[in-house]
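Enquirer: So you can see what is in the structure, the chains are spelled out below.
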Amino acid sequence: MLPDPNSLYGPLDPAPDAGYENAPPRMGFFTDTSVCIGCKACEVACKEWNGVPESGLDLLGMSYDNTGALTANSWRHVAFIEQPRPAGHRTPPFAGTPTDGSASAASAAAAAGTSERTGTDPGVPTGTPSAAARMAGGGPADVLGAIAADPTAAGRGGAGPQFLGMPGAQPPGRGTGVEERTDFRWLMMSDVCKHCTHAACLDVCPTGSLFRTEFGTVVVQEDICNGCGYCISACPYGVIDQRKDDGRAWKCTLCYDRLGAGMTPACAQACPTESIQYGPLDELRERAAARVATLHDRGVPEARLYGHDPNDGVGGDGAFFLLLDEPEVYGLPPDPVVTTRDLPKMWKRAGLAALAMAAATVAAFVGGSS
Amino acid sequence: MTPPGPVGDRFRRFRERLAAEGDDRPQVSDDRPSATSGAAAMSGAEATSGGDHPTDRGTAASSRRGDLTARRSTEAGGRQGRRRRRRGGGGEELRVPEAEFTSYYGRPILKAPVWKWDIAAYLFTGGLAAGSSLLAAGGQLTGRPALRRAGRVTALAAVSASAVFLVKDLGRPTRFHHMLRVAKPTSPMSMGTWILTAYGPAAGVAAIAEAAGVLPRHGLLGLAGRALPPIGHAAGLLAAGTAPALATYTGVLLADTAVPSWHEAYPELPVIFAGSALASGAGVGLLAAPPAQAGPARRMAVAGAALELYGAHRVETRLGLLSEPYRLGRPGRLLRAGRLLTAGGVAGALLGRRSRVVGALSGTALLAASVLTRFGIFYGGVASARDPRYTVVPQRERVEARRTGMDLPSDRAVPPAV
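So the sequence lines, in the order shown, correspond to chains Y and Z. Each residue of the first sequence is one higher than the last, beginning at 1 in the working numbering. Each residue of the second sequence is one higher than the last, beginning at 371 in the working numbering.
This is chain Z alone, in the form it adopts within the complex:
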């Protein structure tokens, strides 16, 4: 049957309300008010009652309250008192009212991605490899051996881990080489395979060349020791040349799906992933290099964090209903924690430029932030595919807009003439 609720109006009002509240960031949680209490739930009174939820969801919510409250105490600051009054100390927060939509027994319309956590982990290791290779190439060209060595070794380790994650996630791991049958520009996974095929060996050779320093000076091994540095030089440049593609194609990989919150975020995902890769590469530099050599890593950290924070902010605010999965539940917590760690890492890198310890801590924070951001984006998309709301409501709005020839429908109560 036709969903009778004026969804477009509701969301417009909701956005206006958000804008009016200024910096009072939308607060969110997993369990939502039901459709009929959706508008009223803005006042917060019904949201905690749990009376209109099935029991299991209610208990799940209360079992989560502990950590939500703990997190709140760290971030809420001056507004905390007001919220506690509004919410009665629970974890309930301001959120988008549930749009009325219809779905077959409430079941998902899309099939959620079958990719497991290892794909999210690959998003990180792939970016880490790319960032490290860029760092290594910079160190190589500007005479900073500590950055070069750390970057090359990390890149090899990260790209090896990537290969393991990718093959392990296949339904038929022994058929991984079937990826090499075709090269398809319409398949980001195929393109990524070829990018990895070009990048991986180059990064490997560059890392192996670092062994030149420990080889004996004479004999056959000595000959190898003399030949390795120039080979490593060339391989390092090749790896750095393909690294930006490796770091950003994963944005297209996620966006080129029917998963609503991934697809609609296609302008931002490559930006986030590029920034995250730069920041994690910079993290390696800060961890490994003495402060005297770590200047470029600090600047990379700033640039990476800027891209990452800008992109993440955009996906969390620009997409309307489809931003919601990035703010709710586990993805929301991951992304918020990632943002805090990114900010902390950059601040530490800039302020503690004399201290090796502060530098190392900042580097660790940046690496952890990159992991959290990747997992947050990954699971945000998965959540959007699991809930039919994110499939039906935006598409229904599109249909209604076409039908009425308007930007947004003003009255959806009238059933459409067929």
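The following block holds chain Y by itself, in its conformation from the complex:
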């Protein structure tokens, strides 16, 4: 059988392309962050079911997020973003009762410098303080200047420069002047492996350890992986990661073992608000489109889908999201492209370079007698 012309890039049904005959419908996740309450039941359920090792007990100071990122030891990661903005364009829930900016820019900047011994590589590396401060809506210059110049300056709002690695202890709105108060909203999002249509990790795996399942998902075979680390550099989402103690790469399997038995993946099963929905991808996409329309009607114009489009850079994600802000706010790349899209051109360039090398050698040896 000839490979599909879209087998490196473009819309594609991955399971038949991988050689499955009569494959079941492609299964996936739709994570609706508008109803996520940040309970982290998904993180816990995933660890319990899959026997994922503990990933440290440090406080990262990133709001209520002490997981930090998807790693080999955290296959679900609940992100918390605090913003000085009203939740939607409807009447602010705190109208008349002004609140603090719940996480000050200084707190966010300090949180960027925390790290965690996750036992994985690269795990949860530190970030850029100025970029983190921008995320909280503050100007980075004054914030960082304040930290650098005067570490004892009194904190405005809850968490000041005296960084304790936790949200502020004061009730919102107390201890600040009225002019300092802002609206705020809390974004929560349970991140997971995207199970891309064109999965770069799978494409570049040199051992065949990563494979496409009949459900269209992407799974690492732990008895094959030799820890070469190529998938880690290749993933455009920064999902897959290496455990330091055993050297192998690990990520979400979309509970392949449960899927085979007709069960729902552990995280979706545990989610109390149906923020994580599991099902056939076609059905999820329809449900997601309807949900976005509903939210727009109800005055949440910033609701948008991420990873749902089969025409995007990775051919659409098996796990896609409804977001309430730009993807990079949640730590997602705004426009990921599978690296193997350009692979034919890369091999061509390498071939030309190899020819040039051979030609140069021939010329060097026949070019003269000295």
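No wet-lab data here; the hints were simulated from the structure. Don't take each hint at face value.
[As the list claims (entries may be wrong)] Straight-line distance between alpha carbons at most 30 Å, and here's what the computed DSSO-like set of lysine-lysine pairs gives: (1) Y:K40 / Z:K486; (2) Z:K554 / Y:K345; (3) Z:K486 / Y:K244; (4) Z:K554 / Y:K348; (5) Z:K554 / Z:K486; (6) Z:K486 / Y:K345; (7) Y:K244 / Y:K47; (8) Y:K244 / Y:K40; (9) Z:K554 / Z:K538; (10) Z:K486 / Z:K538; (11) Z:K554 / Y:K40; (12) Y:K244 / Z:K554.
[What the hints assert, rightly or not] According to the in silico footprint, chain Z covers these stretches of chain Y (three or more CB under 8 Å from chain Z): (13) 11-25; (14) 111-125; (15) 202-214.
Just so it is clear, CB atoms sit at the ideal spot from N, CA and C, and this is done for glycine as well.
Knowing the structure of chain Y, use the given hints to seat chain Z on it.
Expert: Leaving out everything else, chain Z in the frame of chain Y:
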């Protein structure tokens, strides 16, 4: 939230400014001005103040100033005075203004490569093996035994070191043979495994055949001594036939990742690595062969250096924001030093063609330049994956360009309608 800054405009202005400054090469350093002072930092006044940096970064910068200043004194020449005035003698230099971008607590979006220095070292030893095999084959076919012998022995040593580096870098070194389960054209590492599998034994046999000269003339060993040269001949040609693939596939190996500065450099990386391999092979020839036999090595050095310098210049200038990691910090220093050594090695090879000593020095310079270039490219890519700026800003520009249907956005202050 939507990054409000007009990133595309800023970079266009920055590029125009660079073009206007002509040969005044962009000067760079590790610590950057914060976003709000980015445009103003072009004047250089704020950049050294350190007032808008966290303290630890400020001290790191000042501790680096010593060697930066030392390096500057060797390369700045006539412009030095002006810069000292602008920068107050510090290590601060003209650079791309920090684009305003958002990221989750400023943390990297991508996972940086887990490959350690041994992969960068392999890039060098693999290229050295390839270049040496080509040199040996040329020497073998044109009757230059010194080049042949040196090339074959170096190739075996380099390819053995490569195997050690590659296996050592695995998370599970005992499972190295799992690489031989599949042959996948979509995985450059798999292709490289098979290239090495073909090349390694051939290079090994060719090197062993060099032992023919020291074997006794009679008996069983004498028989081996008579059989070895033709076997070595065939093996040497086989090794040389696979050598160009060995030298250039590593460019695809790095480019076929999500690492921004590696991926976007995919047209140039194989060129740089081919040139670097030729130059290092030529270096072996210059080191080992008497000047009478080293003519081809000199010409290989010129060709290799030309490819290497052209490719490196392209990645340092063509990629816009993604060229920055190749100019800043340690990768920038490595690549600049590599360029100097390459130029010096070629000049020495051409000018000192009568002197064995100058030839050997030139060869050493070329080998060192190859090492530096490989490490510079390697660490430049790693730096681009560690900083979310290099992931978010180019992708955001792509999205905005699609949204507006224009090449570059003219106004990004308006939040997009959903």
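Enquirer: Hint by hint, note whether the structure agrees.
Expert: Hints and how they fare:
1. Y:K40 / Z:K486: violated, 34 Å
2. Z:K554 / Y:K345: holds, 16 Å
3. Z:K486 / Y:K244: holds, 13 Å
4. Z:K554 / Y:K348: holds, 16 Å
5. Z:K554 / Z:K486: holds, 24 Å
6. Z:K486 / Y:K345: Status holds; Cα separation ~27 Å.
7. Y:K244 / Y:K47: holds, 18 Å
8. Y:K244 / Y:K40: holds, 25 Å
9. Z:K554 / Z:K538: Given pair K554 (chain Z), K538 (chain Z) holds - Cα atoms ~22 Å apart, limit 30 Å.
10. Z:K486 / Z:K538: Holds: K486 (chain Z) and K538 (chain Z) sit about 10 Å apart, inside 30 Å.
11. Z:K554 / Y:K40: Since the Cα atoms of K554 (chain Z) and K40 (chain Y) sit roughly 39 Å apart, the hinted pair is violated (cutoff 30 Å).
12. Y:K244 / Z:K554: holds, 27 Å
13. 11-25: With 0 residues close enough to chain Z, the hint is violated.
14. 111-125: Result for this restraint: holds, n = 7.
15. 202-214: n = 7 at 8 Å, threshold three: holds.
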